[in-house]
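Use these hints to put chains D and L onto chain W, whose structure you have.
Protein chains in written order, with UniProt numbering: chain W, 1 to 469; chain D, 1 to 469; chain L, 1 to 469.
Please note that the accuracy of each hint is not assured.
To be verified - Calculated cross-link-like contacts (lysine to any residue; reagent style SDA-like; alpha-carbon spacing at most 20 Å):
id, chain 1, residue 1, chain 2, residue 2
1, W, Lys-400, D, Thr-200
2, L, Lys-254, L, Glu-267
3, L, Lys-421, W, Phe-54
4, L, Lys-66, L, Ser-357
5, D, Lys-69, W, Arg-204
6, W, Lys-421, D, Glu-55
7, L, Lys-421, W, Lys-421
Calculated directly from the structure, the hints in this document are not laboratory data.
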Amino acid sequence: MKKTELCLLLLFPLLTFSLLSSSTSSHHDQSYLREKQELQQGRNNPYVFGEESFEYLVRSEHGKVKVLKSFPELSPLLHGIANYRIDYLETEPLTFVVPTHLDADSIIYVVEGEGAIAVLHEGSRESHILEKGDIIRVWAGSITYLINKSKNQKLKVAKLLQPVGNPGRVQAFYSAGRDQEAESYYQSFSIEVLEAALNTRRDRLHRFFASQRSEAIIKAPEEKIRAIAQHSSRSESGPWPFTRSKRPFNLLNKQPSYKNRRGQLYEADNKDYDELKDLNAKVSYTNISRGSMLAPFINTRAFKIAVVVKGSGYVEIIRPAEEKDLLKQRREHKEAEPWRQPEETGRRYTRVSSLLSEGSVIVSPPGHPTAIVASKEQNLQLVCFEVRAENNELVFIAGKNNILSELQEEAKELAFGVPAKMVDEVLRGQEEEVFLAGPRERERETEREEGGKHEKPLMESIMQVVEGF
Amino acid sequence: MKKTELCLLLLFPLLTFSLLSSSTSSHHDQSYLREKQELQQGRNNPYVFGEESFEYLVRSEHGKVKVLKSFPELSPLLHGIANYRIDYLETEPLTFVVPTHLDADSIIYVVEGEGAIAVLHEGSRESHILEKGDIIRVWAGSITYLINKSKNQKLKVAKLLQPVGNPGRVQAFYSAGRDQEAESYYQSFSIEVLEAALNTRRDRLHRFFASQRSEAIIKAPEEKIRAIAQHSSRSESGPWPFTRSKRPFNLLNKQPSYKNRRGQLYEADNKDYDELKDLNAKVSYTNISRGSMLAPFINTRAFKIAVVVKGSGYVEIIRPAEEKDLLKQRREHKEAEPWRQPEETGRRYTRVSSLLSEGSVIVSPPGHPTAIVASKEQNLQLVCFEVRAENNELVFIAGKNNILSELQEEAKELAFGVPAKMVDEVLRGQEEEVFLAGPRERERETEREEGGKHEKPLMESIMQVVEGF
Amino acid sequence: MKKTELCLLLLFPLLTFSLLSSSTSSHHDQSYLREKQELQQGRNNPYVFGEESFEYLVRSEHGKVKVLKSFPELSPLLHGIANYRIDYLETEPLTFVVPTHLDADSIIYVVEGEGAIAVLHEGSRESHILEKGDIIRVWAGSITYLINKSKNQKLKVAKLLQPVGNPGRVQAFYSAGRDQEAESYYQSFSIEVLEAALNTRRDRLHRFFASQRSEAIIKAPEEKIRAIAQHSSRSESGPWPFTRSKRPFNLLNKQPSYKNRRGQLYEADNKDYDELKDLNAKVSYTNISRGSMLAPFINTRAFKIAVVVKGSGYVEIIRPAEEKDLLKQRREHKEAEPWRQPEETGRRYTRVSSLLSEGSVIVSPPGHPTAIVASKEQNLQLVCFEVRAENNELVFIAGKNNILSELQEEAKELAFGVPAKMVDEVLRGQEEEVFLAGPRERERETEREEGGKHEKPLMESIMQVVEGF
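Chain W with its partners taken away, still in its complex shape (with noise of 0.2 Å):
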């Protein structure tokens, strides 16, 4: 019986691929993620988006900015998210991306560098420097702009935008710049307006003009990147409690939620950086050790917009099955799972998997059972939005902590049919929570306590299964 459980255990997954290959893990790996990577490419998925999703913005030698289609554009199950959008900034070492407002708020999340960002706001300016892991929310109207003050590192930066014009669209408006790119909007007033706002003469506006950069990045000198910089203050300092919540806060430097071996969980909310408040969001960072999963969870009533900043892995998510599903999974399930019954066929939940590397996009809906795997060779890093955050919970439905096990004990016997002692084996059979062991790490994990029995019978239990069903 202990064998032919190690044979179902490492079968399944294989079966469509090929009954006879050999079993070593990285074979199996392989003919895993190609599972997995055909699902993606069927571009069915309603809830994870990479690359081909973005559009680029700015894309030049000295950096680029590229945003994601709209939600309820990218897929009809995401209205509940329309007026949110994200975009992804990347530049160059001793950059400066010029000035500008948005008729969007922003969430800003410095994902990698070391720059510096100035913000006009209430008639001043406000400079900080920003680091890896600070968040800071810039607000609709206001006139910004950024440098990479490193000399060798990129500067990246993760920001979730909130429209507060026209629903779910977010346009830019640059101070300066002559064309394309970047193109000051003064140059589109009639020229008699512009000579009377700004008081001088026409031919000096057209040389003014002229002269302007045509690019948003800019290549600056070191000098000049380096006096901007000092002026920004550091988020640590700041004596004054009052003008505290502006500055940025830094979510690694607080303590993680949860945090073990497998991974560690950074939250903050409006209890940490109250200008998240009305933006009713919140931040966190996930790390997934390789090999680890984040535990199967459902968030109570937030969408949780989580972009991969780093490695890969693959995420699961549970949706209920439309109808018009029904027909293309009876199929699939026919092959992919022989297991299961013909009568068991037209199922309620569909699962969405995905593969996930540097710049997917996961959207997790209220309520949806979601599991996020880090392969086995990278950790799986995570930036999250939870958007719509008041009063959610993050819940898990597996490990220590399964919320499940709070059930009455009739409770489990009625609703799972057998003994709440059965209930409870595999309710609570898993002995972490939150990060846990993934399904390649349990395994390696398992076949180093049981001594690599499982070579042995593969023939004979696969004819055991089928004759089984």
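Relative to chain W, chains D and L alone:
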């Protein structure tokens, strides 16, 4: 003159059906109802919905769950409440509703029966006895199960749902269940993820899920029901004020807001039960005695969504006529209300009438004059959810507290074109308030007072009427 | 060089019309206006709306009520204010507007005249004298009537409406009235319900409704108007602080936020009048002296909806160009602004210009640079409703308080590509703030200072210009 008046009183509703039918009260009623029925069957009614507007989520020998279609789908005039849904649950004696979470907040009202509810919220379980009149809010994402603990009575529950995910859509996630009606979402994770998450081998998982039920509502042994009920608190106990708000609030134990021999109105808002606050909703219960009516009213800001839980009757809602309706109306008016001058057609407003019976749902939008009449056979009982309730006022436009009696004397004269005294005679002719004698009841009472002189000169007065216009 | 500058200054607006026309100021003006008019007549203007965008609800010898079409219907760029409407009421001397309630909140601004308003709210009547500059909020569902108490002056009222029922739709419910313009909703109840509700016999009801007016605005005897006015309180009286907030707030009695010889800006927010709070709106009044302009500005978060109540002028709003506009723009630019290099076409932003006259409505969306210029004949007076006003800032991008002067020196140089001193000469060249000399006015003042040297070498400089590009 008196006689003519009395004839008119009885005549008009009959005219389209049979000029010569005897005017006994029962015939009268039937034909009136027949007229109403026709209107309802036309399915042009944008504000009242019956059985055909529901969809069944569960329908078994042990109970049923039905949900009203989304309001914008039912009527283009209801986009204002697009993000609310109504559902209705009925379970047989000694049953268990399996654990589920929704991507929606719920306000539950216990219409009938005795049960208990358990909610897994903020990491722990709260269990409460449910009795008729109890209101309880269940947070989105909280895993919840219910029992009907009575040995012989159904448990009936009306719910207002407020989705937090996709606008207007509610999705249920079953923790347990094998397939079909109820299917555990666990089964939709890939087997590798599930094994790792639950730290349980796949053959064991397989057996575990195969042993589960495939029903959402389960007949349960009495001792299990009793055990679950025993661990549930009563709403009236609870010495801990800080947990009090999470307990159900019993609406019927409260003093009614209005009460007379013709009916009672019970209302609960966030001052009574603070869990209603962030949902911006109110719950009320209206009992209209047979033959009586709820005086014509408007809600100033709220949509009133009323579910008929017992009895029968009819409702009239006045709404602005839309252009496309004008032609249709013109024809109808000529027949149904011949006493109106031709130039009086092309009305500004149109009347929406509908018969009501158990299960009917009425929506009275803000500002729309509405009257609800109980049949003469039965009390009409309604559970109402007022949504967008903040700062709403319930205003009566007839009865002793008729808001229009607050008009200045000169304004009355200018507006109504007759002396203020005459205006008052009409607007303040009614001595009662809130619950009034309904049309049939009033007639009966008037008859009793006047000694039934109306049978006599019927034919004669018909001729007068016909000639008079 | 000086001469060429002056020529350029005068020349460009004329080029498309007539290179050889005499450069007198009046010709200049006309041709400029003609150009603007063309733009407006193209009806491609998504932000400025004239008479043709209104619908008349009432139009009689005693007055008129017109409502601006819904914003998304007027322009796809205005979905952000889909749930706001603008309406405008004008009544003749000694008239009465019959009692009505709306399914919308209103903010009323008295543009001109003397009247009184009565509002039936929370079970009682509040009556207030209305004077020019008064702001009053009327709650959705409150029955309201108005008088024009002047013997010779019109009463003009601008309203911002915020529907509480169907999004973007406002419906009026008349308490009184026989038909057509105004028709009492009472008449649409079935006669049985009405009899019972009002406890009044149907022949009497019949007579009662038949005697009502069929007008929404009624010419009223002076003594009745006087009687109504006498019962109305003045906003400046009121010793009861707790009822104060419900009284009108007079915007023009407040100190202006900005004031100089070129204009005044009065602003009221919820600190002035707390009834504005839950509507998240602000009201302001702008008076731009003839020949002057409101400096180019942006609102950081709010949409500014401005109604021209007197005077004429024009507005320029800068918006991001959409792809489909690019081709059209390219052609226009070649002709209208030949000094731009060909490679400068394909602009990032586009200018929306429109002539303004009494009744025009301007929408300036958040973040969009906007300038408003009064004609040289008349002051331009605007009533503005800023919606979604919370935390909004009005930011000027020209004038002494130009926000861009807050840029760090190095940022100025990097952004504008010229020495910081040169940037300051342009961005801070204007000594005035908020209200500036407009294009014509500036030219006149410059001419006066310089002694009108520009008439002389006109033909010569045209040739220079033509050759220069």
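For each hint, the structure was consulted:
For the suggested pair Lys-400 of chain W and Thr-200 of chain D, the alpha carbons sit about 13 Å apart, so the restraint of at most 20 Å is met. Distance check on the hinted pair: Lys-254 of chain L and Glu-267 of chain L sit about 8 Å apart at the alpha-carbon level, within 20 Å; holds. Taken as a hint, the Lys-421 of chain L and Phe-54 of chain W pair is broken in the structure, with Cα atoms around 40 Å apart against an allowance of 20 Å. Among the hinted pairs, Lys-66 of chain L with Ser-357 of chain L is consistent with the structure: their alpha-carbon atoms are about 16 Å apart, no more than 20 Å.
The suggested pairing of Lys-69 of chain D with Arg-204 of chain W is violated, with an alpha-carbon distance near 65 Å, which exceeds 20 Å. The suggested pairing of Lys-421 of chain W with Glu-55 of chain D is violated, with an alpha-carbon distance near 37 Å, which exceeds 20 Å. For the hint linking Lys-421 of chain L to Lys-421 of chain W, the alpha-carbon distance of about 80 Å lies beyond 20 Å, and the restraint is violated.
Going down the numbered hints, you'll see the structure goes against 3, 5, 6, 7, while the others check out.
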